[in-house]
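Chains as they are written, first to last, in the working numbering: chain Z, 1 to 282; chain G, 1 to 400.
Calculated directly from the structure, the hints in this document are not laboratory data.
Some hints here could point you the wrong way.
Below are the EDC-like pairs computed for lysine to aspartate or glutamate, each with C-alpha atoms no more than 16 Å apart in a straight line [claimed, not checked]:
no. : chain 1 : residue 1 : chain 2 : residue 2
1   : G       : K270      : G       : E256
2   : G       : K330      : G       : E361
3   : G       : K350      : G       : E256
4   : G       : K26       : Z       : D192
5   : Z       : K115      : G       : E105
6   : Z       : K44       : G       : E361
7   : G       : K22       : Z       : D192
8   : G       : K93       : G       : E11
Stretch-level coverage of chain Z by chain G, calculated; a stretch enters the list once three of its residues show a Cβ under 8 Å from a Cβ in chain G [unchecked claim]:
no. : segment
9   : 119-133
10  : 185-194
Keep in mind it's a predicted model, so treat the numbers as computed, not measured.
Every residue, glycine too, gets a C-beta built ideally from N, C-alpha and C.
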Amino acid sequence: MSEQRVTVYTNQGNTSFLKVLRASISDIFNSGFLARQIAIRDIKAQYRQSYLGILWAFITPLTTALVWVFLQSTGTVQLTDTGIPYPVYAFSGTLIWSIITGAINAPQMSTSSAKSIISKINFPKEALLLSGIYKLLFNAIPKILLLIILLVIFGVDYQHSAWLFPLVMLGAVFFGFTLGLILTPIGLLYNDISKLVMTGLRFMMYLTPVVYMIPADGIMKTIMEWNPFSPMILLARSVLVGTPSDHLGYYFLVLLCCVPILLLGLVFYRISIPIIVERSSS
Amino acid sequence: MEEKEVLVKVEGVSKKFSKDLKTGLKYGLTDLFTNVLGGGKPDKLRPKEFWAVQDISFELRRGECLGLIGHNGAGKSTLLKMLNGLIRPDVGKITMKGRIGALIELGAGFNNILTGRENIYNNGAVLGLTKEEIDSKLEEIISFAELHEFIDMPVQHYSSGMKVRLGFAVAAQMNPDVLIIDEVLAVGDLGFVLKCFKTIDSILPNTAIVFVSHSMPMVSRICNHVILMDGGKSIFQGTAVSKAIDLYYGKFANSERTVVMDSDLVSLEKVEILNNRGDELMPILNWKDKLEIALTFNITGLKTYPQIKIFIFDKEQRSAGLLYYQYEEKQARDGDWRVVISHENLQFSKGVYNFSVVLFESYDSQPLYRINSAQNFQVVHDVDSWTPLLLEAQIDYENN
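Could you build all of it, start to finish, from the sequences and the hints given here?
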């Protein structure tokens, strides 16, 4: 009885940023089991009710890539030579893109799917974020395997740098997750946000070298080079197929910028949960 | 006796809600930003807001059980959500010590596609149990829920009672210092409810319990403190559980007389309780008084006088008794017919009762006429009992 946890609830006007951040991070470390349990639950539930199962994870990126491969091979659209077989360029682009967008959607999705428990049971909500990452990584594995199969089929030579691919992707996931996290609190209050994000991302794909290269000049070149999504896709693809990359600097700059945003996002998230529960409680 | 430690301390807690969804969302957004910037929420009402909970304070020690009672919408569940840390108070402070367990909705977070066993792990994890704790208690949970046969079946094929049993079985493993219970025991069959009470009784000495219920017998059975809430405010607070319960029932006392079965042949004109110690509106009797009910009927065209049955109900609308007399068939005459039905030595426990009057054409035949809540009356006595009957008894000490 001597060392009992004391919990205090007030209108929290006096809690400091650092205190909330520390609590948030300690909850992340303490909720490993819960996060795993939630992730396993969701993954099992997802595949137990479906025959095609894992196929749904990459049906969208595959069809997008197929459309572009078709457009390019029939000469409907004229694209600059990518230096590697175009199908490899398109498939790698859309698969990597789908992992990044998955990361953006993860925090919002895993939180809103747990809304019914959030309003009834008090548990470390950071576990939901962590479980979102687990699910994301689980869904990324078949996509990466498929990508490797495609590389072999199209005869792309093995590169030592390909071993860096998972690391580069981890960075890309970190970037997407940070973006998603900072939007989550508002997205949980207003449904408009997730719709806006979905539409925005569809548009953003064409400002990113997903299915075509950055043009040599013009306004599009500037936009695509400044676009923080670009170094993620470009670096991941170039370590995979072994083309030289001059986007390393920008890649790390973007990741560096993500660190403070992620910390802010964690604090924002933790503070927002009780407010969201009271505005949406059943 | 040494006072046990205070586990729950609530000081002047208030919470406001918005009446309008869009405005509420807007306020939520404002609160979000002011909170992130370190400012508190304003403690005044903004347009379209109201106090859902206002200025509640109490202390609860280990081994005590607080009952929160009140109408729907009185603010009980909102207060519970604040105690559980799901939402923050706008004003005031809540301090809790130790592990906090909540039975707010049993089986929240069950996934219908997964099996009972898988859901035990999920639910346990959400409630804050570690994997080792669940592993070691798995058998206990399954046998408490009485689900050996079905534990590997998807939860979607469970009956609602089975789900609740499984939910309680997991939650009962928490060993909390503070336990919050919100009406969850209302579901489930009698055997299960009794089992739950047994569990609660066994953990109560080491726990402070906050109990929300509409079932006053349950409240009087386990609570030693009561807060009666109305419109977000506490209108009664203290250890006089029965007084709080009387006040609570008083709020429903205006239950109206309803004729549920009508007839052209007969109608009830007047009801009186003869040896009344109170007023017309709420007749009062002492325990062991004589209950005398005078009824006046208007009869048009009945051949024989009807048989009269008076069913007495307690404040919970549980049947408490039937006034029985030897019926004899007698020629009836049209016009007013007054009878007095009496019962010596009324041994109802203290509380408010009401009775229904049912007329039958002859002995145990078709009912002719029925009026519900024909009259209320109150029995006054010192002894509290949550049973409707308080039977006088004697004791013989045979060995000394």
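Okay, the hints, checked on the actual structure:
{"no.": "1", "hint": "G:K270 with G:E256", "verdict": "15 Å, holds"}
{"no.": "2", "hint": "G:K330 with G:E361", "verdict": "11 Å, holds"}
{"no.": "3", "hint": "G:K350 with G:E256", "verdict": "22 Å, violated"}
{"no.": "4", "hint": "G:K26 with Z:D192", "verdict": "14 Å, holds"}
{"no.": "5", "hint": "Z:K115 with G:E105", "verdict": "13 Å, holds"}
{"no.": "6", "hint": "Z:K44 with G:E361", "verdict": "66 Å, violated"}
{"no.": "7", "hint": "G:K22 with Z:D192", "verdict": "13 Å, holds"}
{"no.": "8", "hint": "G:K93 with G:E11", "verdict": "5 Å, holds"}
{"no.": "9", "hint": "119-133", "verdict": "holds (count 5)"}
{"no.": "10", "hint": "185-194", "verdict": "holds (count 4)"}
Against the hints set out earlier in the document, violations occur for numbers 3, 6.
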